[in-house]
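> If you want the building blocks of each chain, they are given just below.
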Amino acid sequence: MNPATTLETEQPHLADGGGGDSLPRLLASSALDRALTLDEHLAIHGELAPARRRGRETGLIGEIDRAGLRGRGGAGFPTARKLRAVAASRRKPVIVVNATEGEPASQKDATLATTVPHLVLDGAALAARALGADQVLVAVCESAPASIDALAGAIAERGGDRHGPRLELRAIPAGYLTGQESALISHLEGGPGLPRFTPPMPFERGVGGRPTLISNAETYAHIALICRHGADWFRRLGTPAEPGSALVTVGGVLADPGVYEIEWGTPLRALVRAAGGLTAPPRAALLGGYGGSWIGTEHLGELVLSDEALAAHGASLGAGVLFLLDGAACPVAETARVVRWMAEQSAGQCGPCRHGLPALAGEFEWLTRGAGAPDAVRRIAELAAVVRGRGACGHPDGVSGFALSALETFPEEFHDHAAHGGCEGCAAPGRLPLASAR
Amino acid sequence: MSYRLRVNPITCQAHGMCHELLPERIDLDEWGYPMFDSRPLEPDLVEHARRAAQACPTFALLVEREKKLSRA
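From first to last, the protein sequence lines stand for chains A and B. Those letters in the first sequence? Residues 1 to 438, per the numbering used here, in order. Those letters in the second sequence? Residues 439 to 510, per the numbering used here, in order.
Hints in this document: simulated from the structure, not taken from any laboratory. Among the clues, some could well be false.
Stated by the list, open to error - To give an idea of the interface, some chain A residues facing chain B are shown, with a C-beta separation under 8 Å as derived from the structure:
hint, residue
1, Phe197
2, Gln349
3, Cys350
4, Gly351
5, Pro352
6, His355
7, Arg390
8, Gly391
9, Ala392
Ideal Cβ placement from N, Cα and C applies to all residues, glycine included.
Can you build the whole structure from these sequences, using the hints too?
Structure representation (structure tokens):
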């Protein structure tokens, strides 16, 4: 993994802990190539205020609400609303930290786990305090041994905290969907680890039937800082609609690919600069991962990285993924490879996904070889529309949106491939990572 | 009071009974799985929809009473 660095400042030493206005906040220890110990973590960020009383501390939820924190797993749901939904139940809830990161193009969960695990655990402990929970399950993918080691070490270091919740590390099988909310809950219960038909939503009935707060690792890390520095501090970075900072995994034609902490509303150009600049002119950007969208090069010069601004291009940062595709690569072939991989990642439970995604992948593959596939583009549009909204989880919707954005972004390439079949770029090695590279 | 159709796509096995019994609202896709929009059912179709749901061999079709959304 590349060392995580940040946009605005180099931090060669332990920093002041992000109490100021500048970046980095989450990655204030970014010069380290190992996890911060508990002592180092507390030296940077300070101790957490002791719990004011037994039971739920609902003031924390108010602060998170004022901060305007949105979940960082991709959906961007307001965290305070999720907390309140869990708090509405009278049963004792469970806290789940989702650090499973099934998205191959994302490394932010791994970066948090292997450099600042205590920030994530602090956030989870605070959420537990806010909700009166005494159990925190930290879910990591079993294909990420470095994350497992770092989190296990951090949990062991906190063993002496008799007032905190019980922290348990759970390794789950690798895969794009194993971290899907309901699939993860199923696995944590000892079930098959497949997506479920919802509702009930996790906040109503989650792990073991108990109300469950399940959020991305980065979301908890932000909670840890909001509860230390306050909502006003959090809002000093970012935009009014999207306050704070965010982790973005950048890849493709960049000198220093890796994980960067940006504030929402950062121009793409600034992030490219921070990542060492371009190594070749990009043909397009993929935003939001493999359920995300392509954006053509003509829009990249002025692109601003906030979901508000990206919505104009039908895109979002999702869980914080940005990949710049080089001009020699074939976007049709890249999309074909990803769609095939996503089809293989289907849990296979729902008919439209089980049949539709392989059919969709097949149409893309017709375009990348042979002598032309005049009907493929029409079929891709048709299949993408048919599978949308028809799974128990959002997997088919993500693939559908990704496929359609390729048609919209690369109309000429699709036209050429439909007429003449595979191009030179189709035979080149793929650019987008498909198996989690850790 | 209004009612809507919903299908549990995990339990649905594409038997197609729902389309037979409620062709006004339920189409089948190319693999035989039901497709319908989420508009409320016309009142005179509610009974037919209930019968279609009861006839589903896997009880995958649901006729749900409209209620306030309580999603978090």
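> With reference to the structure, classify each hint as holding or not holding.
Hint-by-hint comparison with the structure:
{"no.": "1", "hint": "Phe197", "result": "5 Å, holds"}
{"no.": "2", "hint": "Gln349", "result": "5 Å, holds"}
{"no.": "3", "hint": "Cys350", "result": "4 Å, holds"}
{"no.": "4", "hint": "Gly351", "result": "4 Å, holds"}
{"no.": "5", "hint": "Pro352", "result": "5 Å, holds"}
{"no.": "6", "hint": "His355", "result": "4 Å, holds"}
{"no.": "7", "hint": "Arg390", "result": "6 Å, holds"}
{"no.": "8", "hint": "Gly391", "result": "6 Å, holds"}
{"no.": "9", "hint": "Ala392", "result": "5 Å, holds"}
Checked against the numbered hints given earlier, this structure breaks none of them.
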